[in-house]
Amino acid sequence: MADAPEHAPKAAAPTGPVEPAPPADAAIPAFITALQNGVSGSVAQLSLYLGDWTVVVPVSHLLQASQFLHDNAGCAFDYLSDLTAVDWPPRAEGRFDVIYMLYSTRHRHRVRVKVKVAENTPVPSVTSIWPAANWLEREVYDMFGVNFSGHPDRRRILMPEDWQGYPQRKDYPLEGPGELLMENPIDWLKLRQAREEADIE
Amino acid sequence: MFDTSELVINMGPQHPSTHGVLRVILRLDGEKVVDAEVVIGYLHRGIEKLSENRNWTQIVLLTDRMDYVAAATSNVGYCETVEKLLNVEVPRRAQYVRTILMELQRIASHCLWVGTHAMDIGAMTVFLYAFRERELILDLFEEFCGARLTYNSMRIGGLPQDIPPGWDKKVLAFCDIMDGKIDEYETLLTHNRIWLERTKGIGVISGPEAIGLGLCGPALRGSGVARDVRKDEPYSAYAEMDFDVPVGVQGDTYDRYLVRMEEFRQSLRIIRQATQGIPEGPIVGKVPRLIKPAAGETYHAIESPKGELGYFIVSDGKSTNPYRFRVRPPSFCNLQGLPRLVRGHLVADVVALIGSIDIVLGEVDR
Amino acid sequence: MIDQFLIPLIKILIVLNATLVGVSYMTLLERKVIAWVQSRLGPMRVGPQGVLQPIADAVKLMLKEDITPTKADRWVFTAAPVISMVPALIVYAVIPFGPTVHLFGRDVSLYITDVNVGLLYIVSVASVGVYGIILAGYASNSKFPLLASLRASAQLISYEIAVTMTLVSVILVAGSLSMVSIVNAQYNSRVWFGFVQPVAFVIFFIGSLAETNRAPFDLPEAEQELTGGFHTEYSGMRFALFFLAEYANMIVVSSVATTLFFGGWLRPFPNVSALHFLGVVPSWMWFLIKSFVFLYIFIWVRATLPRYRYDQLMRLGWKVLIPLAIANLVVTGIVKVMLF
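Chains as they are written, first to last, in our numbering: chain A, 1 to 201; chain B, 1001 to 1366; chain C, 2001 to 2340.
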């Protein structure tokens, strides 16, 4: 039968993704070593899980690393499969994981590039490298509120233009604003948070 | 002396040819489209957020509702991603039946595509013929899982029930019927002079540009890029199947049409091989009663009729719901290319191009 | 007295009623034929096999609310569909359904009148129908119907040129403008002009598809066209009148094609006396059968072919059909002078 619907257990909220390091005997793919050599400081962390390689890149190196991955002949990641974000609210170093799923049509290999950002940290937009990122970044902005700097058309895409709040965040209620929207369209989220705090007290 | 300005026309959310609630704002110079802006979100139901509050088995029926034209494919994509997270092996019999169902679904989806595309361009009879064949497929699905559109036909680890006796004979009989019907559609359209004039040279996009724009599926293959997840990263029983991937040359609407028509035939080939070779065995693998994958995240992609359908699922190892459920919808990424395709063409071509990209709004908006 | 007034009046009444009933049953015919092509049944509920459907449609349309847009020009708005319909009906004055027969002790000609410039009359009256479309767009006082009506009328005018050229070729062969003389000329030359002038016939057929706004030339009125067509603001009986006018034009064009190219009321092989038993079917019945075949082909084409884009349609009319029609005319002239 259905689980307890909207309210997940308040205790033990996970603090971050599980990113197991690759075992010592795993062969690091050539494109990752190329990236490590090509753009120094770009690989902050490397992870291998279920056959997928994930590279954590600091925000400052994102554009350079992406350009390298796109242009370098050994990497040739010309296809941006997906661009999404995950919200880890209690995490200290930044609540959002912005994840880029890259694929190379030439070499047929995949890599996941991850960037960890705080709520208001701008992330450089990769639309100049992969035009496919245009709508994908718009959706991440719409759903999470991640600020993509340099995006040609930074607007909401799925929600109405004047919507308040970022629905996919963990602190956004599943049932949405409800009647609060009717009372006070602009500040309904603040109203709700104020009411919740009042309830707790 | 005369000041001409651009006309802005709204191809509104309610329109017979946008195949769903899609809004396209066109800026016209006379009859030429200068620019197009696509507005989506009318069918946004928050499936990703809903899934964070449903347990792993319940999400299967949410995935039906995204690409409702090819629901079995979405089911399989999700189940395979969770099976990857759980590290569970799906028995070969289930793999084969899944492959048959997915290829049947591909034919059904392409039937709907050819019918609506032809109808938008004016050949209304093809619509009725294609739906007649789609009915046969829907009957097969109904016999298997009881539903015609939203199947909920996959479980994590396999299938909820085995195929009914005699079902594989019916599938083979259907394949024989379908061969002749594909020829029927081709007779009506492929060498028809008016069809050629309406589709050749419309919406040309080159391979590298299509890759950059993130197009996938037949829209990408029509431009000459041989990218098919079934061949590049085989899943289910595709590694054991013998089939070709049709690739276009010029990247116009006619090539995308030819690619999909050939995909019909290749799907029939796969179905015949799979049906004739279904191994015996269990229909569901060893899956724990309460599904709780270990903490971790993964991305898995399959080839839906529209393109690369990917699922990115994050599990936190403790709760019975996923932590993050992300669908990479092929129609969303393909629709992104519409403004680029439509630029420079006439208003009457916009409808042909929307049909050529083959979108399902349920998937675009989720 | 009787010969001068009563008999023509009776003929007019018969032809008018038959045409109007025919036009409304054309709607049923179209729906049924297209349905059968698409492997379904069409209207089946009203009456046996759906035969009373046009009556149900007529009743529904008459009971619909009469909406006129506020800023529209009321007079012209109401007049436009009438201007579309009336020329199609008037053309029947010169179409011959049969020769002169002996009925009730009199020699009655199975046509209302035989003007010696019958073909010219047909072409001129049919052209007036274009005004209905233009006025509909203008009277709606809305930019989209206006643009659409201008496009539709441009299409009609362009194809009229090609069609008229083919008619001139037929006149050259027949030697007369009178419709009855043309049929008689086919009798005398023992061959239907469709075989003497195949190119003219094909051009005439394609041109008449465009003239009547039928598929594959129906982009101005297709739903996929964003602007919605010249009849956007029309509803109820006025809307119906436009579409009945379209069917009336179709019947006119089929009748003209029958008369000019396929022997009119003549039975197949009229000069071969061995086939005299075919004469058991009356002459007007042959005429109706042949017209019906053309109507069927019109509907068949609509069910099968995709539609042309507007610029492709205009290109076809101006760059292909008109040169071909003129070439056909020149060749006909040369052959006629040199051989006959």
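Calculated from the structure, these hints are not laboratory results. Treat the numbers as computed from the prediction; the structure is a model and nothing was measured. Each hint should be verified, as a subset may be incorrect.
[Claimed, not checked] Straight-line distance between alpha carbons at most 27 Å, and here's what the computed DSS-like set of lysine-lysine pairs gives:
| # | chain 1 | residue 1 | chain 2 | residue 2 |
| --- | --- | --- | --- | --- |
| 1 | A | Lys-190 | B | Lys-1049 |
| 2 | B | Lys-1032 | C | Lys-2319 |
| 3 | C | Lys-2032 | B | Lys-1181 |
| 4 | A | Lys-114 | B | Lys-1084 |
| 5 | B | Lys-1200 | A | Lys-170 |
| 6 | A | Lys-114 | B | Lys-1049 |
| 7 | B | Lys-1032 | B | Lys-1292 |
| 8 | B | Lys-1200 | C | Lys-2319 |
| 9 | B | Lys-1032 | A | Lys-170 |
| 10 | B | Lys-1181 | A | Lys-114 |
Each hint tested on the structure:
1. With a C-alpha separation of about 20 Å, the suggested pairing of A/Lys-190 with B/Lys-1049 holds against the 27 Å cut-off.
2. Between the alpha carbons of B/Lys-1032 and C/Lys-2319 the distance comes to roughly 22 Å, so the proposed pair stays at or under 27 Å and holds.
3. With a CA separation close to 23 Å, the supplied pair C/Lys-2032 and B/Lys-1181 stays within the 27 Å bound.
4. Distance restraint check for A/Lys-114 and B/Lys-1084: the Cα-Cα separation of roughly 20 Å lies within the 27 Å cut-off, and the hinted pair is therefore satisfied.
5. For a cut-off of 27 Å, the pair hint linking B/Lys-1200 to A/Lys-170 is broken: about 48 Å separates their Cα positions.
6. Pair hint A/Lys-114 plus B/Lys-1049 holds up; C-alpha atoms about 21 Å apart against a cutoff of 27 Å.
7. Restraint check for B/Lys-1032 and B/Lys-1292: not satisfied, since their Cα atoms lie roughly 55 Å apart, outside the 27 Å limit.
8. Distance restraint check for B/Lys-1200 and C/Lys-2319: the Cα-Cα separation of roughly 20 Å lies within the 27 Å cut-off, and the hinted pair is therefore satisfied.
9. Taken as a hint, the B/Lys-1032 and A/Lys-170 pair is broken in the structure, with Cα atoms around 45 Å apart against an allowance of 27 Å.
10. Using a Cα cut-off of 27 Å, the hinted pair B/Lys-1181 and A/Lys-114 is violated, with the two alpha carbons roughly 48 Å apart.
Hint check: violations occur at hints 5, 7, 9, 10; the rest are consistent with the structure.
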